[in-house]
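Student: Residues per chain are reported as follows:
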Amino acid sequence: MLSLFFDAVLALALPLLAWRVLTTRDLYRAVILFIAFGLLVALSWARLDAPDIALAEAAIGAGLTGALFLNTVGGLVGRKRSPSRESDESREVAERREAIQSSPGEPVDEVMRPWWVRLALTVPILALGLALGWAVVSFPEPAIDLAQQASDNLEASGVDHGVTAVLLNFRSYDTLLEIGVLLLAVVAVWSLDLGRVRGGQAALSKGLPVLHGLVRLLTPIMIIVGGYLLWAGAKQPGGAFQAGAVLGALGVLLVLSGLVRPPLSDGSGLRIGLAVGFAVFLGIGTAVMLATGELLNYPPASTYGLIIIIELFLTVSIALTLAALFVTAPPRKEQGSKEHSEEKGEES
Amino acid sequence: MGLIGSNWLVVPIVLPLATATLAMLVGRRSAPYLGLLTASGILLSVAAIGLTVLEEGTIRYQLGGWEAPLGINLYADGLAVFMLLMTAIVGAAVSAYAVGYFTSRQDESGRVAGDSGDRSGSFWVLWMFLWASLNGLFLSADAFNLYVTLEIMGLSAAGLVTLERRQSALSSGMRYLFVTLLGSLAYLMGVALLYGALGALDLATLGELMYPGAATWSALALITLGMALKTGLFPLHFWMPAAYSNAISPASALLAGLVGKASFYLLLRLWFDVFDGGLGPGPGQVLGLLGAAAIVWGAVMAVRQRRLKRLLAYSSVSQIGYLFVLFSLATTASWGFDAWSGGVYHAFSHACAKAAMFMSAGAIVRSVGHDDLDRMQGVGQQMPLAVAGFALGGVTLMGLPPTGGFTAKWLLVSASLESGQWWIAVVLLAGGVLAALYVLRFLNPALIQVKVGPVARPATQNLEVTAFVLAFGSFFLALLSAPLLALLRIGTPFASVLLVGTP
Numbered sequence: 001m002l003s004l005f006f007d008a009v010l011a012l013a014l015p016l017l018a019w020r021v022l023t024t025r026d027l028y029r030a031v032i033l034f035i036a037f038g039l040l041v042a043l044s045w046a047r048l049d050a051p052d053i054a055l056a057e058a059a060i061g062a063g064l065t066g067a068l069f070l071n072t073v074g075g076l077v078g079r080k081r082s083p084s085r086e087s088d089e090s091r092e093v094a095e096r097r098e099a100i101q102s103s104p105g106e107p108v109d110e111v112m113r114p115w116w117v118r119l120a121l122t123v124p125i126l127a128l129g130l131a132l133g134w135a136v137v138s139f140p141e142p143a144i145d146l147a148q149q150a151s152d153n154l155e156a157s158g159v160d161h162g163v164t165a166v167l168l169n170f171r172s173y174d175t176l177l178e179i180g181v182l183l184l185a186v187v188a189v190w191s192l193d194l195g196r197v198r199g200g201q202a203a204l205s206k207g208l209p210v211l212h213g214l215v216r217l218l219t220p221i222m223i224i225v226g227g228y229l230l231w232a233g234a235k236q237p238g239g240a241f242q243a244g245a246v247l248g249a250l251g252v253l254l255v256l257s258g259l260v261r262p263p264l265s266d267g268s269g270l271r272i273g274l275a276v277g278f279a280v281f282l283g284i285g286t287a288v289m290l291a292t293g294e295l296l297n298y299p300p301a302s303t304y305g306l307i308i309i310i311e312l313f314l315t316v317s318i319a320l321t322l323a324a325l326f327v328t329a330p331p332r333k334e335q336g337s338k339e340h341s342e343e344k345g346e347e348s
Numbered sequence: 001m002g003l004i005g006s007n008w009l010v011v012p013i014v015l016p017l018a019t020a021t022l023a024m025l026v027g028r029r030s031a032p033y034l035g036l037l038t039a040s041g042i043l044l045s046v047a048a049i050g051l052t053v054l055e056e057g058t059i060r061y062q063l064g065g066w067e068a069p070l071g072i073n074l075y076a077d078g079l080a081v082f083m084l085l086m087t088a089i090v091g092a093a094v095s096a097y098a099v100g101y102f103t104s105r106q107d108e109s110g111r112v113a114g115d116s117g118d119r120s121g122s123f124w125v126l127w128m129f130l131w132a133s134l135n136g137l138f139l140s141a142d143a144f145n146l147y148v149t150l151e152i153m154g155l156s157a158a159g160l161v162t163l164e165r166r167q168s169a170l171s172s173g174m175r176y177l178f179v180t181l182l183g184s185l186a187y188l189m190g191v192a193l194l195y196g197a198l199g200a201l202d203l204a205t206l207g208e209l210m211y212p213g214a215a216t217w218s219a220l221a222l223i224t225l226g227m228a229l230k231t232g233l234f235p236l237h238f239w240m241p242a243a244y245s246n247a248i249s250p251a252s253a254l255l256a257g258l259v260g261k262a263s264f265y266l267l268l269r270l271w272f273d274v275f276d277g278g279l280g281p282g283p284g285q286v287l288g289l290l291g292a293a294a295i296v297w298g299a300v301m302a303v304r305q306r307r308l309k310r311l312l313a314y315s316s317v318s319q320i321g322y323l324f325v326l327f328s329l330a331t332t333a334s335w336g337f338d339a340w341s342g343g344v345y346h347a348f349s350h351a352c353a354k355a356a357m358f359m360s361a362g363a364i365v366r367s368v369g370h371d372d373l374d375r376m377q378g379v380g381q382q383m384p385l386a387v388a389g390f391a392l393g394g395v396t397l398m399g400l401p402p403t404g405g406f407t408a409k410w411l412l413v414s415a416s417l418e419s420g421q422w423w424i425a426v427v428l429l430a431g432g433v434l435a436a437l438y439v440l441r442f443l444n445p446a447l448i449q450v451k452v453g454p455v456a457r458p459a460t461q462n463l464e465v466t467a468f469v470l471a472f473g474s475f476f477l478a479l480l481s482a483p484l485l486a487l488l489r490i491g492t493p494f495a496s497v498l499l500v501g502t503p
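Quick mapping for you: the protein sequence lines, in order, are chains A and E. For what it's worth, the numbering used here labels the leading residue of the first sequence as 1, then goes sequentially. For what it's worth, the numbering used here labels the leading residue of the second sequence as 1, then goes sequentially.
Okay, chain A solo, but in the shape it has when bound (with noise of 0.2 Å):
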């Protein structure tokens, strides 16, 4: 009865979140709805009995995401306007702004939506919903049962953990492949080439010395944390890209608190350290091909030790790829500096 009052206040709360997140108008308040929804979908996956999902929900869908959008938020406080758009702006708008915002420099969103606009936007959003209820309410008894067949092949996977198996042996295809997106995302943010909106060296790094005793006792612990989540991996909810969020998250606190410098180390250092998890799963995915003829098919007597050694260099790389996207700062090489630096004389 209770669990069920739970699940109904879930059900309810998370549609309302969700709303509120898109409407307001204060980014601030937005964001910090968004981690709370976050937060409760978490939950709602922990109620599904997912508690992996649940975990990696907590870790990067609310901490990170969130964190990350506190950044960008960070970086648009107090922005000055420019100019010629200041004079385009109609009296209108400029008088909507006023009445959003609670105080001055505060960032607002200030695009305005007419009623049309929402009203075209909530048809196809409602039929996409109601399409989407009537075809899980008349979901038929699946013809296959892949959660079966996982736990039936699981002694042969190496690992007790059936969300392990599938994501380092039965499908490690799609999680080599995820590993790409990682990598490719911080290589995708460097291209912009974002030296000026340089996150991470907020206000906060300068003397404080309850944040420093703070972060420095915390370090210890979420390195024992991390370690644990992906040991635990193997037979319980955990893995690699748990720990490595708890590991990320740790490299965010420990840039924000000033406690390590934002382009965390010389340029070639990170550059290894973001690829290194992506390229030892590539690399045994392709040698067992020796020992079995396929690739990524790991020979039975090391299944275990191959799958420990990937997940290992994963966590450092998916820690680090958080913690560098956070940053944003991107490492440069050669001649690159000097020809930004020189376009930057330019400009100003």
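Everything labelled a hint here was simulated from the structure, so no lab data went into it. Just to be clear, a hint being listed does not mean it is correct.
If you only want the chain A side, here are some residues facing chain E, beta carbon under 7 Å, derived [as the list claims (entries may be wrong)]:
1. Ala-131
2. Pro-142
3. Gln-148
4. Gln-149
5. Ser-151
6. Phe-170
7. Tyr-173
Predicted model only: the values in this text are computed from it and were never measured. Here a beta-carbon is modelled for each residue, glycine too, at the ideal position from N, C-alpha and C.
Mind docking chain E on chain A? Use the hints.
Tutor: The following block gives chain E in isolation, referenced to the frame of chain A:
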């Protein structure tokens, strides 16, 4: 087949992934050489896969040694190899082009309007990831794995658009990213519904279990909508002109030539292998109608453009229409294979021609410093090879023999007459005339004999040559139609392969 034989299948995916990782570490000075090596490796492996498929039929490869539906399979039939081949040819040409494009910019004296360089040295990493994702998409036999390849594809393509440092490129790249994410999410939602209803992700298994019902209809609608958005089917093409025309030219060539084809391929694969031809004749008619509208609308808009790269972008809006016409023609009837292979053939010839035209345009824009159509007088004397490449590509778009566009139109037109939908044939032919009009919008001023001096910034020979070679290939593509159609027949979903109108 042996150990090596079937393992050729993973080379076009693993090789560019390895190169991308290496290119990230070695920096941009040696990255181009790695890129060229990879391009030749991919060409070689695709040729090996093609020969194997021609001789021994389709190949299925179990990744990780797990059988489908528990594991993920790769699958190569005629269509997949056809698309691999298209990607390998266009990709190799763009790679060679990019070497000249990025290295020759160091002796630049000032900022040139239109095209700038790759300051962060990310081009090769992004492009290798993109290539791996394209090959992975063509070979994948798993609905969720296709989503992963779509993600890599969208992210790397958006990264390529924003390599151009101007504000307009940044905003159109950002919009492209949102569009492509929205398309992928719609696809993912469709896959989730399929998994919920049928319990599997393997495409062949899904095809066997398919039934018309609420979940499958919703899945079909979501997947089709998402892929139509990513391909840029009228009226969902709103993001295309800005993204294609603001990107650096190698990226424009890749986007217009290959990326749009990949989402089209995905739709084709799912419609005919999983959804049994769209769960009935109605949905195919809708796509066909939109395709016909795209042919006319895109061409009319292209004629009205004042900038070279925007003209090419709207031409893509029009040419994509030809691809979607096949959905209203490809049925189980005898002309089904004609329509299907005609559309696929059009994808091939358009990929080569449009990539070549964007490469030519890129060389021209770099040299003359603008892409204003009204100021192109006499460019033909300054850069004869680039203009010739553009013209050859243009003839392919018009669909005159012996170009690949001719084979494609022949097949499509004969299928539409055969099926009694003659109005489609009218639109197809009108599209060719309109294509001639917008191609001449550039060629007319370019070929005028006026007194011209040397260009502001002579392009390296490499740019013009690679563009010309690719255009030349697309021009004579009809001569290869017999072996290519034989390839397409392997593993085709159309049972009765009766070629009514082989040219």
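Student: Any hints this thing doesn't respect? Which numbers, in order?
Tutor: Checked against the structure, the hints that fail are numbers 3 and 5, while the rest are satisfied.
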